[in-house]
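If you want the building blocks of each chain, they are given just below.
Number of protein chains: 2
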Amino acid sequence: MSDSTYPVTTANKVNRYKHQATYDIDTIHTIVNTTPVLHVSFVPNPAIPLPIVLPMIGQLGLYNPLSPPSEEDGEWHCYLHGYVSSRLMNLADAALKRGEPGLPLCVAATKVDGFVLTLTPNSHNYNYRSAVLQGHATIVDDVDEKLWAMRLITNSVVPDRYENTRVPPDGAEMQSTRILKMQIESASGKVREGVPEDERKDMEREDVLDKVWTGVVPVYEKLGEPQAGPYNRVAAVLEHVARFVKEENEKREKYAFEAAHKPAPLKRPAKKSET
Amino acid sequence: MSDSTYPVTTANKVNRYKHQATYDIDTIHTIVNTTPVLHVSFVPNPAIPLPIVLPMIGQLGLYNPLSPPSEEDGEWHCYLHGYVSSRLMNLADAALKRGEPGLPLCVAATKVDGFVLTLTPNSHNYNYRSAVLQGHATIVDDVDEKLWAMRLITNSVVPDRYENTRVPPDGAEMQSTRILKMQIESASGKVREGVPEDERKDMEREDVLDKVWTGVVPVYEKLGEPQAGPYNRVAAVLEHVARFVKEENEKREKYAFEAAHKPAPLKRPAKKSET
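If you read the protein sequences in the order shown, they are chains A and B. Start counting the first sequence at 39; every next residue gets the next number (our numbering). Start counting the second sequence at 39; every next residue gets the next number (our numbering).
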């Protein structure tokens, strides 16, 4: 992947806990692409500054129909799948008619990696990774790009799943599926990992240190043993599902436990993405 | 708890997959109060219809300083803790000055309970529970209410945690902590649980049924064995942490596996909250 970072502007600059901020493209993309639900926000009525938030499934991807995708050949977009209502369609149309590049959207992805329990409620924290993207979105009309995005999104849930189902989608399915494509105009992330941190005033109190348990409860999304449905006829859980469940569980558990033992953020030498 | 539902209006009416919609207060409150990160959205500049989304910790709660809280004696609010920036403070102030009851906010909570794998990508789904609240928020100024909310939010992460730390917060901590309080003007939820569902056209294809594994991969947030931090002196993990981890894991695993075996939504008799 790339070494690049998203530009830091007034729109995405993180002003609090700066040492936890990241603009690193790989970090942000990984957070978004491993989060099963993205929270997508937009303003239904431009005259009233009240947004709505919808849970959607999405992926950052690079569509390039002409050659194998490479960093140089195109632009990464956020592809979103979910219920794209007529209202959302109309809003996107209205924005285009106003001369905007699409519907203004904000997409957020957050993963909780642990509960950080400290001496005092105020220094309690989470180990977590979050990313926020802003940009303008349009509906994907191109049939090839739409098929490509449907495959990308299906396989983000379980790898190789698309190829292991009844495909391609028929005409009615293509008609009823709408994919939103967001141009990423601003992006930032935050990562907190590590052991608890307390303020000096509490670290000097023997009575507090003797009484309060401090540490991290690791948290990770666990995938259970796949449960066959009522009309399933395939005896074994197909290999692409079984392997995914096993590998993901190992990887997720490992991350949460390792994060629980890393040095505390304020005491750690700055990483490249944190400078 | 109550039998009540939130009013259905044009603002919160669910138009798609209506059989999965809920306006039931208990269901919505449980989703919000068991979700470790809420996604909070607002519009930074009322002149531009582009929202931002922040991950925050929050709880629905009923504050009543005069008597033991009861459904009749007050109103439930959503209390939010996180970095309340000067920008957010200024926006809330500006909204009050415009005569609005606070900063317009949208709060979303989503829990993924399973990946529902069907015969064709288009009928793939998640078992999930989601809730969306809209309303206006102000900063909590009252010291007693603020302390009450800090306790509520700390204990939402690990029950009884607040009482097992160095409390009460001192002056500097009270100063640096800001709690947002949102009046709930609109709320709705969606719940999908159950086995896979496919369309008749695919259920009639023997070749597809013979080839594609269908079922549910249960998903739940797992809490790992608590990991003591570097300056912890308390030998055993305190009982309130240990018990919470054990009970939560049992409960969460049970929910995800049970959801994987329930009848499919479209084939189920309508529940009260679905009518």
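Calculated from the structure, these hints are not laboratory results. Possibly wrong hints are sitting among the right ones.
All copies of an identical chain are treated as equivalent in the list; a pair is satisfied when it fits inside any one copy or across any two copies.
Within a straight-line C-alpha distance of at most 25 Å, the following computed DSS-like cross-link-like pairs (lysine-lysine) qualify [claimed, not checked]:
hint, residue 1, residue 2
1, K239, K249
2, K289, K184
3, K300, K249
4, K289, K239
5, K292, K135
6, K249, K56
7, K51, K284
8, K56, K284
9, K51, K249
10, K56, K289
11, K284, K249
12, K239, K51
Here's how the hints hold up against the structure:
1. K239 x K249: within (15 Å within a copy, 64 Å between copies)
2. K289 x K184: Neither: 31 Å inside a chain and 39 Å across chains, both beyond 25 Å.
3. K300 x K249: within (24 Å within a copy, 45 Å between copies)
4. K289 x K239: neither (37 Å within a copy, 38 Å between copies)
5. K292 x K135: neither (49 Å within a copy, 50 Å between copies)
6. K249 x K56: Neither, since 32 Å and 51 Å both go past 25 Å.
7. K51 x K284: neither (38 Å within a copy, 40 Å between copies)
8. K56 x K284: neither (36 Å within a copy, 35 Å between copies)
9. K51 x K249: Result: close neither inside a copy nor across copies, 39 Å intra and 50 Å inter.
10. K56 x K289: neither (28 Å within a copy, 37 Å between copies)
11. K284 x K249: Classified as between: cross-chain Cα gap 22 Å, same-chain 39 Å, threshold 25 Å.
12. K239 x K51: neither (31 Å within a copy, 51 Å between copies)
In terms of the numbered hints stated before, the structure departs from hints 2, 4, 5, 6, 7, 8, 9, 10 and 12, listed from lowest to highest.
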